[in-house]
Amino acid sequence: MLAIAVVAVPVSLSIIYYAFIAADIYVSEAHFAVRSKAGQGGLGVLSENTALQALTSMSASLDETRMVNDYLSSRDAIKKLAEETNFRSLLSRPEADFLTRFPRLPWSRDSQEALYERYSDYVSLELDTSTGISTLRVFGFRPSDPLELARILLDFGEQRVNQLNERAQQDTVTFAKALVSQNRERLKSSQVALSEFREREKLFDPKLQGASTIDLIAKLNFEIARLGAELDEVSVNSPGSPKITSIKTRIDAMERETQKLRNTLVGSEGSLSSRLPEYERLAMDHGLSTKTLMASLAFFDEAVKDTQQQRLYLQRVVEPNSPDYPLYPKKLRSLLLISGFFLCIYFVLQALGSVILEHDK
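For the sequence shown, the working numbering begins at 4 and goes up steadily by one.
Derived by calculation from the structure, the hints in this document are not laboratory data. Hints are supplied without guarantee of correctness; some may be wrong.
Claimed, not checked - Subject to a maximum C-alpha distance of 30 Å in a straight line, what follows is the list of computed DSS-like cross-link-like pairs (lysine-lysine):
hint, residue 1, residue 2
1, K263, K251
2, K251, K222
3, K191, K180
4, K333, K263
As the list claims (entries may be wrong) - Across the chosen pairs, the derived CB separations fall in these ranges:
hint, residue 1, residue 2, range
5, R154, S133, 20 to 30 Å
6, A196, L219, 25 to 35 Å
7, D158, Q353, 53 to 63 Å
Where a beta carbon is used, it is the ideal one built from N, C-alpha and C, also for glycine.
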């Protein structure tokens with residue numbers, strides 16, 4: 004009786020199920036990967052920078068492939084399938100049996116959450132991290148069903164990649180706009196500060212004015228030297244000449260003017276040297292702000308151009324195949340596994356019974 008109850012009955016039910024009830028299940032398989040156009044170059048010897056860029060691009064594409072896989076396995080994708088396709092009718096074909104269809108029984112749950120719990124029975128996704136290629140397998144009860152569903156899921160994946168592109172591009176353009184606006188304000192502030200300095204000091208450019216002052220001092224010194232030579236010559240040749248007094252007067256006036264000009268350069272509180280550091284700081288800040296704004300404008304132009312290009316794209320490595328023979332169920336293998344399982348249970352129970360009987364004796 005134990006053998007009949009533990010082995011014969013479940014094995015017989017399994018034979019009946021696989022022989023007369025179990026539905027044929029067809030499988031369509033596709034391979035895809037998310038690739039990046041960034042960092043692609045021609046053939047040839049790769050430099051260290053190019054190799055590093057390729058590795059970074061590969062890592063980023065692998066992350067994007069994971070994101071697409073997660074999306075295709077998510078509740079959002081299932082909801083979209085249910086709303087936009089005949090997904091539910093594909094899972095409840097008349098050919099399906101009560102164990103494989105959805106819902107299994109008329110009174111079983113037919114909710115979105117119940118569909119999510121059974122989703123992995125009909126769609127599987129596996130990612131090969133060494134190649135970045137993802138394998139999509141779709142199961143159905145008619146040869147055309149998994150092919151149709153696989154194509155729809157790949158289209159969903161492409162739509163998701165396009166959304167990721169748009170979001171990344173929008174983020175980049177928004178950041179570039181903010182950067183341009185920030186640098187414009189910085190340039191405006193530096194221009195105001197420089198204008199206030201010039202208005203307050205009544206000085207446009209201390210460097211230019213200092214250079215012209217130095218040039219004027221050099222000319223005065225040259226003239227003083229020339230007059231000094233002329234004075235020596237007149238004093239030797241005509242000691243009583245009235246020109247001596249005139250020349251000395253001119254030399255004294257030029258020396259006073261030279262000293263006055265020197266004082267405007269250095270040595271006094273309002274000299275050019277005391278005002279030059281502040282001017283140089285303001286001018287440097289203004290120049291740096293101008294260059295930064297030009298760089299941010301160039302970055303913005305590149306960001307706008309980049310929006311015209313698709314940086315990420317879903318590459319279909321292998322298109323979904325049209326199955327012509329059901330891969331599941333593996334009837335003979337399943338019957339052997341079930342028979343072996345229940346035989347093991349039978350032997351365990353038999354051994355326990357023998358131990359109990361021996362203990363009672």
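Does the Cβ distance between A196 and L219 fall inside 25 to 35 Å?
Since A196 and L219 have Cβ atoms about 30 Å apart, the given range 25 to 35 Å holds.
Below or equal to 30 Å on CA atoms is what counts here, so check K263 against K251.
holds (18 Å)
Run the distance test for K251 versus K222: straight-line Cα separation, threshold 30 Å.
holds (18 Å)
Hint says 53 to 63 Å; check whether the CB-CB distance for D158 and Q353 agrees.
At roughly 57 Å between Cβ atoms, Q353 and D158 fall inside 53 to 63 Å, so the hint holds.
Does the Cβ-Cβ separation between R154 and S133 fall within 20 to 30 Å?
The hint (20 to 30 Å, Cβ to Cβ) holds, given that R154 and S133 are roughly 27 Å apart.
Is K191 within 30 Å of K180, Cα to Cα?
It holds: about 16 Å lies between the C-alpha atoms, which stays within 30 Å.
Compare the distance between the alpha carbons of K333 and K263 with 30 Å, and conclude whether the hinted pair is satisfied.
violated (108 Å)
Taken one by one, the earlier hints fail for this structure only at number 4.
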